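Going line by line, the protein sequences match chains A and B. Using the numbering used here, you'd call the opening residue of the first sequence number 1 and step up by one each time. Using the numbering used here, you'd call the opening residue of the second sequence number 269 and step up by one each time.
Worth flagging that the hints you see were computed from the coordinates, not collected in a lab. Here the structure is a predicted model, which is why all the values come from computation and not from measurement. Be aware that one or more of the hints could be misleading.
In silico EDC-like pairs for lysine to aspartate or glutamate, Cα to Cα no more than 20 Å straight-line [to be verified]:
{"#": "1", "chain 1": "B", "residue 1": "Lys346", "chain 2": "A", "residue 2": "Glu160"}
{"#": "2", "chain 1": "A", "residue 1": "Lys51", "chain 2": "B", "residue 2": "Glu425"}
{"#": "3", "chain 1": "B", "residue 1": "Lys358", "chain 2": "B", "residue 2": "Glu425"}
{"#": "4", "chain 1": "A", "residue 1": "Lys51", "chain 2": "B", "residue 2": "Glu363"}
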Amino acid sequence: MKSKRYDGAGRGDFLLWIVGAFLLYLLWESGFFTAAAWSDFNRRFYQNFIKDNRYMMLVDGLKSTIFMTSGATIIGVLVGLILSVIRVAYKGGIHIPILNKLAETYITVLRGTPAMVQLLIWNFTIFASARDLNTQYIAILAFGLNSGAYVAEIFRGGIESIDAGQMEAARSLGLTYGSSMRYVILPQALRNVVPMLFNEFIALLKETSIAGYIGIDDLTRAGQNIQALTLEHSQPLVMVAIIYLIMVMVLSKLVKKLEQWLSRGRRG
Amino acid sequence: MLKKIFALLFVLALSAGVCSADEAKLKSPSQLKTEKLAAQRGTVGQFIAEDLLGDKKGQLLTTYEKYVDAIAALKQGKLRAVIMDEMPAKRFVNEVEGLAIMDEALSEENYAIGFRKGNTELVSQVNKALSEMKADGTMDKIFAKYLDGDYSSVKPEDIDFNKGAKGGKLFVGTEAGFAPYELRVGSGFIGIDVEMCANIAKKLDRELVIENMNFDALPMAVSTNKVDMICAGITVTDERKENMDFSDNYVIGAKQVAVVRADDYEK
Numbered sequence: 001m002k003s004k005r006y007d008g009a010g011r012g013d014f015l016l017w018i019v020g021a022f023l024l025y026l027l028w029e030s031g032f033f034t035a036a037a038w039s040d041f042n043r044r045f046y047q048n049f050i051k052d053n054r055y056m057m058l059v060d061g062l063k064s065t066i067f068m069t070s071g072a073t074i075i076g077v078l079v080g081l082i083l084s085v086i087r088v089a090y091k092g093g094i095h096i097p098i099l100n101k102l103a104e105t106y107i108t109v110l111r112g113t114p115a116m117v118q119l120l121i122w123n124f125t126i127f128a129s130a131r132d133l134n135t136q137y138i139a140i141l142a143f144g145l146n147s148g149a150y151v152a153e154i155f156r157g158g159i160e161s162i163d164a165g166q167m168e169a170a171r172s173l174g175l176t177y178g179s180s181m182r183y184v185i186l187p188q189a190l191r192n193v194v195p196m197l198f199n200e201f202i203a204l205l206k207e208t209s210i211a212g213y214i215g216i217d218d219l220t221r222a223g224q225n226i227q228a229l230t231l232e233h234s235q236p237l238v239m240v241a242i243i244y245l246i247m248v249m250v251l252s253k254l255v256k257k258l259e260q261w262l263s264r265g266r267r268g
Numbered sequence: 269m270l271k272k273i274f275a276l277l278f279v280l281a282l283s284a285g286v287c288s289a290d291e292a293k294l295k296s297p298s299q300l301k302t303e304k305l306a307a308q309r310g311t312v313g314q315f316i317a318e319d320l321l322g323d324k325k326g327q328l329l330t331t332y333e334k335y336v337d338a339i340a341a342l343k344q345g346k347l348r349a350v351i352m353d354e355m356p357a358k359r360f361v362n363e364v365e366g367l368a369i370m371d372e373a374l375s376e377e378n379y380a381i382g383f384r385k386g387n388t389e390l391v392s393q394v395n396k397a398l399s400e401m402k403a404d405g406t407m408d409k410i411f412a413k414y415l416d417g418d419y420s421s422v423k424p425e426d427i428d429f430n431k432g433a434k435g436g437k438l439f440v441g442t443e444a445g446f447a448p449y450e451l452r453v454g455s456g457f458i459g460i461d462v463e464m465c466a467n468i469a470k471k472l473d474r475e476l477v478i479e480n481m482n483f484d485a486l487p488m489a490v491s492t493n494k495v496d497m498i499c500a501g502i503t504v505t506d507e508r509k510e511n512m513d514f515s516d517n518y519v520i521g522a523k524q525v526a527v528v529r530a531d532d533y534e535k
């Protein structure tokens with residue numbers, strides 16, 4: 001029984017310093033810190049982000065990215081929850097073979113094909129005639145259903161991690177299988193999987209960067225639009241990367257906090 | 269362990285030496301037959317490069333989603349030439365240091381608007397609009413606006429998309445990274461193709477809706493009816509004619525050129 005959990009933060013910070021120092025050295029080596037290079041950097045920075053309020057393209061892209069990620073996460077959690085309950089119920093005594101087979105097939109197909117291909121199929125095949133529909137909604141559906149297959153496995157893991165005795169106790173008290181699931185098992189399982197759901201959100205945040213392919217100006221695409229406008233290759237991309245990184249780092253911190261909060265009262 | 273590191277460093281140094289070995293400078297496009305080339309995926313530049321390279325295209329040709337990426341690879345020395353249309357090429361040479369266009373063009377192409385195979389009604393409507401615009405000088409005016417290479421004064425909000433037109437919406441697919449034909453500016457679009465389509469939409473009494481997607485996704489978008497037509501400086505080729513219908517040409521004799529590094533080119 002440890003009084004304090006080791007979360008690896010110290011080692012991570014150390015690595016970050018080394019990487020940072022190495023990058024600084026590379027910059028110095030490439031003559032970045034001379035006055036001429038600095039003014040050139042400033043000029044390009046002005047062209048890429050300040051002139052004509054071009055940073056607004058990134059802001060709009062960021063909004064689109066966050067919108068799609070949030071929508072897809074909601075769909076993913078709902079779909080994942082339903083799928084996992086079907087799968088677990090099948091093992092737990094409620095035998096509906098068709099439903100179970102459907103859920104299994106769904107998970108196999110959606111996890112077995114690249115998200116990019118799925119996105120293209122949704123947009124150009126299934127929703128080919130839905131032209132007035134905002135493409136972002138198609139992307140939300142595609143990413144959400146894809147994420148659902150992964151979330152289903154997260155939930156299943158969470159449900160199966162609850163001791164079998166819990167279900168037996170609930171059943172012996174006269175609760176039906178459904179009620180035991182809803183009032184006894186799922187609340188405990190959710191506590192275990194919430195951090196993992198946030199990780200899925202973080203993964204989705206990065207995955208939506210392929211949405212540009214079907215014509216959505218998300219954050220990545222906004223960077224590419226600036227590239228096409230200024231013909232400058234590196235700065236817009238690096239800026240986009242930094243924005244993603246900041247979001248992911250903030251979210252990761254939140255997940256860590258959440259984990260600690262959820263596990264309060266459990267420490268020995 | 270130390271031995272391994274030294275061996276690795278040695279190999280790296282050796283490969284660096286091999287890579288930086290001096291090559292003869294480029295003089296004419298015929299030399300490109302055995303060189304590393306790039307083009308934007310799905311463009312006629314890719315087809316030209318494939319013809320040039322023949323059997324060796326598998327090893328020597330790289331296709332990129334965006335021109336900016338191809339040009340960056342060229343500047344980094346990963347390629348020797350990028351095959352592209354002359355007008356966007358000129359813009360790159362003007363804006364990016366250290367680039368040059370080979371004097372001798374690789375081919376001349378005509379641009380037209382693409383439609384789903386069999387959509388003859390819309391094709392004839394657009395052709396009528398195009399011929400009217402050619403006759404009354406609208407097309408000349410649009411080209412004149414962009415030809416000098418500086419279109420920073422053109423604002424997307426000045427282009428009338430005919431919002432709320434009674435005839436419904438006209439969906440046009442494009443790849444807005446191809447100035448001066450189409451370019452994303454802020455949350456709007458400018459360019460020759462965009463203004464031309466805006467005028468066509470007005471003549472058809474429809475509202476113009478631009479769908480901005482990757483170039484190689486455009487044929488798919490128009491054949492699945494996701495958009496009504498595609499207008500993105502699309503070259504008319506026999507192969508493409510098998511899979512889609514084209515309007516009359518609106519650009520005739522657009523040159524395909526090779527963009528190279530200035531220090532790698534000897535006139």
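So, going through the hints one by one against the coordinates:
no., hint, verdict
1, B:Lys346 x A:Glu160, "violated (52 Å)"
2, A:Lys51 x B:Glu425, "holds (17 Å)"
3, B:Lys358 x B:Glu425, "violated (26 Å)"
4, A:Lys51 x B:Glu363, "holds (16 Å)"
Checked against the numbered hints given earlier, the structure breaks hints 1 and 3 and satisfies all the rest.
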